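Using the sequences provided together with the hints, build the complete structure.
2 protein chains.
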Amino acid sequence: MRDVAIVGVGMTRFGKFLDRSPQDLGLEAVWNAIEDANVPMNKIQVAYVGNALGPQLNELKGTIGQHILTNAGFQKIPITNVENACSSGSSALRLACLEVASGNYDMALALGVEKMYTGDSAKAAAAMASGTPYAKLGFTFVAEYALNLKKWMKKNAVTVEHFAKVVVKNTSNGSLNPYAQFRKPLTIEEVLNSRLIANPLTLYMCSSMADGAAAALVCPKSLARKYSSKPLVEVAACELTSGSFPYPGKAPESTTSRTAKIAYEKAGIGPEDVNVAEVHDAMAPAELKIYEELGFCQEGQGGRMIDEGRTTLSGVIPVNPSGGLAAKGHPVGATGLAQIAEVVWQLRGEAGERQVSNAKVGLTQNQGGLVRGDNGACTVTILKR
Amino acid sequence: MRDVAIVGVGMTRFGKFLDRSPQDLGLEAVWNAIEDANVPMNKIQVAYVGNALGPQLNELKGTIGQHILTNAGFQKIPITNVENACSSGSSALRLACLEVASGNYDMALALGVEKMYTGDSAKAAAAMASGTPYAKLGFTFVAEYALNLKKWMKKNAVTVEHFAKVVVKNTSNGSLNPYAQFRKPLTIEEVLNSRLIANPLTLYMCSSMADGAAAALVCPKSLARKYSSKPLVEVAACELTSGSFPYPGKAPESTTSRTAKIAYEKAGIGPEDVNVAEVHDAMAPAELKIYEELGFCQEGQGGRMIDEGRTTLSGVIPVNPSGGLAAKGHPVGATGLAQIAEVVWQLRGEAGERQVSNAKVGLTQNQGGLVRGDNGACTVTILKR
Numbered sequence: 001m002r003d004v005a006i007v008g009v010g011m012t013r014f015g016k017f018l019d020r021s022p023q024d025l026g027l028e029a030v031w032n033a034i035e036d037a038n039v040p041m042n043k044i045q046v047a048y049v050g051n052a053l054g055p056q057l058n059e060l061k062g063t064i065g066q067h068i069l070t071n072a073g074f075q076k077i078p079i080t081n082v083e084n085a086c087s088s089g090s091s092a093l094r095l096a097c098l099e100v101a102s103g104n105y106d107m108a109l110a111l112g113v114e115k116m117y118t119g120d121s122a123k124a125a126a127a128m129a130s131g132t133p134y135a136k137l138g139f140t141f142v143a144e145y146a147l148n149l150k151k152w153m154k155k156n157a158v159t160v161e162h163f164a165k166v167v168v169k170n171t172s173n174g175s176l177n178p179y180a181q182f183r184k185p186l187t188i189e190e191v192l193n194s195r196l197i198a199n200p201l202t203l204y205m206c207s208s209m210a211d212g213a214a215a216a217l218v219c220p221k222s223l224a225r226k227y228s229s230k231p232l233v234e235v236a237a238c239e240l241t242s243g244s245f246p247y248p249g250k251a252p253e254s255t256t257s258r259t260a261k262i263a264y265e266k267a268g269i270g271p272e273d274v275n276v277a278e279v280h281d282a283m284a285p286a287e288l289k290i291y292e293e294l295g296f297c298q299e300g301q302g303g304r305m306i307d308e309g310r311t312t313l314s315g316v317i318p319v320n321p322s323g324g325l326a327a328k329g330h331p332v333g334a335t336g337l338a339q340i341a342e343v344v345w346q347l348r349g350e351a352g353e354r355q356v357s358n359a360k361v362g363l364t365q366n367q368g369g370l371v372r373g374d375n376g377a378c379t380v381t382i383l384k385r
Numbered sequence: 001m002r003d004v005a006i007v008g009v010g011m012t013r014f015g016k017f018l019d020r021s022p023q024d025l026g027l028e029a030v031w032n033a034i035e036d037a038n039v040p041m042n043k044i045q046v047a048y049v050g051n052a053l054g055p056q057l058n059e060l061k062g063t064i065g066q067h068i069l070t071n072a073g074f075q076k077i078p079i080t081n082v083e084n085a086c087s088s089g090s091s092a093l094r095l096a097c098l099e100v101a102s103g104n105y106d107m108a109l110a111l112g113v114e115k116m117y118t119g120d121s122a123k124a125a126a127a128m129a130s131g132t133p134y135a136k137l138g139f140t141f142v143a144e145y146a147l148n149l150k151k152w153m154k155k156n157a158v159t160v161e162h163f164a165k166v167v168v169k170n171t172s173n174g175s176l177n178p179y180a181q182f183r184k185p186l187t188i189e190e191v192l193n194s195r196l197i198a199n200p201l202t203l204y205m206c207s208s209m210a211d212g213a214a215a216a217l218v219c220p221k222s223l224a225r226k227y228s229s230k231p232l233v234e235v236a237a238c239e240l241t242s243g244s245f246p247y248p249g250k251a252p253e254s255t256t257s258r259t260a261k262i263a264y265e266k267a268g269i270g271p272e273d274v275n276v277a278e279v280h281d282a283m284a285p286a287e288l289k290i291y292e293e294l295g296f297c298q299e300g301q302g303g304r305m306i307d308e309g310r311t312t313l314s315g316v317i318p319v320n321p322s323g324g325l326a327a328k329g330h331p332v333g334a335t336g337l338a339q340i341a342e343v344v345w346q347l348r349g350e351a352g353e354r355q356v357s358n359a360k361v362g363l364t365q366n367q368g369g370l371v372r373g374d375n376g377a378c379t380v381t382i383l384k385r
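From first to last, the protein sequence lines are chains B and C.
One point on numbering: in the numbering used here, the residue at position 42 of the first sequence is 42, and numbering is uninterrupted.
One point on numbering: in the numbering used here, the residue at position 352 of the second sequence is 352, and numbering is uninterrupted.
A few of these clues could be false.
Which copy is meant is left open, because identical chains are indistinguishable; a pair holds if it fits in one copy or across any two.
[Unchecked claim] In silico DSSO-like pairs for lysine-lysine, Cα to Cα no more than 30 Å straight-line:
| id | residue 1 | residue 2 |
| --- | --- | --- |
| 1 | K230 | K384 |
| 2 | K76 | K155 |
| 3 | K43 | K266 |
| 4 | K221 | K266 |
| 5 | K384 | K266 |
| 6 | K76 | K151 |
| 7 | K123 | K266 |
FYI, nobody ran anything at the bench for these hints, they're computed from the structure.
All figures in this text were calculated on a predicted structure; none of them were measured in a lab.
Here it is as structure tokens:
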């Protein structure tokens with residue numbers, strides 16, 4: 001297998017864009033990635049497009065990748081649409097990497113797109129929950145998530161203040177990110193006093209829906225310099241597993257732990273080598289759990305990590321410098337590739353006010369899907385400058 | 001890249017199964033493929049699952065592959081759901097082949113599944129049309145297809161009798177296939193006199209919806225013998241392109257022609273070497289067009305092919321020995337892999353009463369998706385005994 005590099009990334013701002021279509025959002029991200037990579041569009045030989053909720057929420061209910069790309073002139077290439085719930089975008093990236101690593105193609109596009117604001121937010125909430133076992137009972141995704149939370153909090157001495165601190169960190173980072181949906185930094189009090197959604201989760205502890213798209217262009221490491229003079233970002237690992245969902249209080253080995261182990265081994269590094277990470281904080285508690293699952297701290301030490309500020313922009317291991325899902329919002333199919341865009345910018349030193357100092361190794365963790373409350377899909381990607 | 005073999009295939013009967021879920025159908029196909037391959041289930045390392053209309057028609061609206069597989073014990077492996085309209089199943093196969101050819105994994109599962117009968121056939125018809133440009137006007141997929149047909153018929157001296165002959169051949173083949181939804185052989189008169197759906201297409205010229213699933217297991221050619229003592233079936237090519245849809249009267253080079261050229265070149269054969277083919281006769285006229293696009297005859301000679309009986313079970317190049325979509329029905333995401341199952345059985349000499357004599361090279365052609373009436377996805381797969 002060949003060494004693979006990400007030669008360009010691009011995204012739209014995440015937000016509420018009632019007048020924009022998934023096609024329009026998707027193309028903006030693609031053009032941005034093409035411009036970033038300095039790759040002529042006719043060099044793109046294969047494409048994977050991640051989208052999760054389009055058939056439920058949008059007028060366009062199938063072959064979204066073909067609708068976005070062939071109308072824009074990317075004709076005749078193989079295009080495959082990928083759905084892996086909240087990890088659809090990173091699953092698309094994994095396939096783009098496989099096409100290039102295998103030698104099948106020299107330039108692959110991964111695109112993630114989601115259009116969730118339709119004027120009917122109850123419909124979007126129902127769509128998010130549609131794969132969960134309690135959907136029939138009228139549970140939202142958040143309600144189901146909250147079900148298992150208290151046991152985990154007690155066991156690990158985690159409090160709602162810890163959750164609030166995650167949101168404070170992420171909205172502070174997000175205030176520096178022009179791509180974020182929400183730019184207002186929140187205080188602990190604001191988070192704790194915001195509307196209760198599903199005890200103990202308050203509004204600001206839950207990521208918001210969003211419209212948006214993100215894209216990455218993948219080529220052999222040996223070809224990247226041909227196009228771009230920007231610092232080269234290598235894909236050291238891009239791994240996917242399904243199985244146990246990292247549900248607080250459940251699952252002896254979470255999907256994230258398992259996927260991270262595989263990714264670290266493939267990249268030949270350990271968690272101590274990671275300089276910056278973007279993780280799936282769909283709910284604030286998840287970020288604490290993910291610190292542990294990725295090996296950034298020992299089990300049960302997630303709360304301490306946030307207490308000690310170890311994951312802030314200037315911390316030992318900055319997590320979610322982009323603002324994470326808390327600040328950016330969570331356009332399901334786009335999230336995984338937006339994480340990739342952020343880490344690429346961080347590794348290149350292009351992250352502006354939210355730049356982490358001297359990051360050489362970055363990691364993204366993207367998870368999704370609930371099957372009987374335990375099983376899902378998770379990707380862990382490791383990028384190296 | 002390594003040589004790849006299909007070591008096992010399996011499918012459900014296609015039909016109307018109001019009491020069966022997509023999960024139930026999917027698993028039956030998987031178990032049948034596993035039994036056929038004689039591969040222990042814990043050897044399966046990666047899975048791709050093709051499904052097109054689930055989010056629109058079924059209660060389960062996402063991560064269908066995880067729901068089918070992780071609940072059955074296929075946990076922890078990478079599972080990715082693929083949607084490429086009517087070519088979703090073959091697109092899943094292509095990725096299973098890529099995983100194995102690249103050396104990433106040694107045993108890959110491709111599954112296609114669709115559950116279309118829900119007690120509301122208008123809903124299914126609307127779902128089929130949802131990706132087409134005229135859906136807003138209330139056009140069904142069939143109506144849109146019929147729009148461009150008359151011009152093509154005139155140019156190529158094709159008549160409705162030719163369409164009827166395709167259906168007569170396919171329903172005759174289907175009457176010999178225990179997996180087909182419809183087992184009654186039809187006469188030319190019955191086809192021509194059936195209810196007019198969209199002039200000039202009558203009911204029996206249009207494939208029916210169906211519930212069903214089909215699966216294939218892919219491994220390196222060098223490993224296949226370890227599991228199965230059945231004749232070895234090699235994947236000589238499995239190609240996907242998007243772009244122009246092979247729409248009668250449109251598109252100078254159709255997606256099928258282009259994809260077939262790539263597949264023939266990769267397999268190192270020409271159309272004259274193909275001994276048996278399964279093609280996408282979603283509407284009867286398509287089969288005639290596909291004869292030409294695949295190079296089984298010259299352009300404009302599709303009608304003559306069927307007149308001369310060259311594609312019957314005992315013809316020079318038997319097409320749709322399974323009965324095709326006309327007899328089997330068309331459970332969208334499953335169709336591409338059902339074609340693969342049929343060709344594998346034909347190459348192994350296991351096709352019973354519908355066995356083609358001494359087939360050594362088989363081809364499947366699976367197409368789907370309409371973008372502005374012209375663009376779609378198409379796969380051509382070439383298998384060799």
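The hints, checked one at a time:
1. Taking CA atoms no more than 30 Å apart as the test, K230 paired with K384 passes inside one copy only; the shortest distance there is 13 Å, against 46 Å between copies.
2. For the identical chains of this complex, K76 and K155 are inter-copy neighbours only, at 26 Å across copies versus 55 Å inside a copy, given an alpha-carbon limit of 30 Å.
3. Proximity of K43 and K266 under a CA criterion of 30 Å is satisfied in both settings, with 29 Å inside one chain copy and 21 Å between copies.
4. Within a single copy, K221 and K266 get their C-alpha atoms as close as 16 Å, and across copies as close as 26 Å, so both meet the 30 Å cut-off.
5. In the homo-oligomer, the alpha carbons of K384 and K266 lie at most 30 Å apart inside one protomer (13 Å), although the nearest pairing across protomers, at 35 Å, exceeds that limit.
6. Taking CA atoms no more than 30 Å apart as the test, K76 paired with K151 passes between copies only; the shortest distance there is 25 Å, against 53 Å inside one copy.
7. In this assembly of identical chains, K123 and K266 lie within 30 Å of each other by CA distance neither inside one copy nor across copies; the values are 40 Å within and 46 Å between.
The structure shown violates just one earlier hint, number 7.
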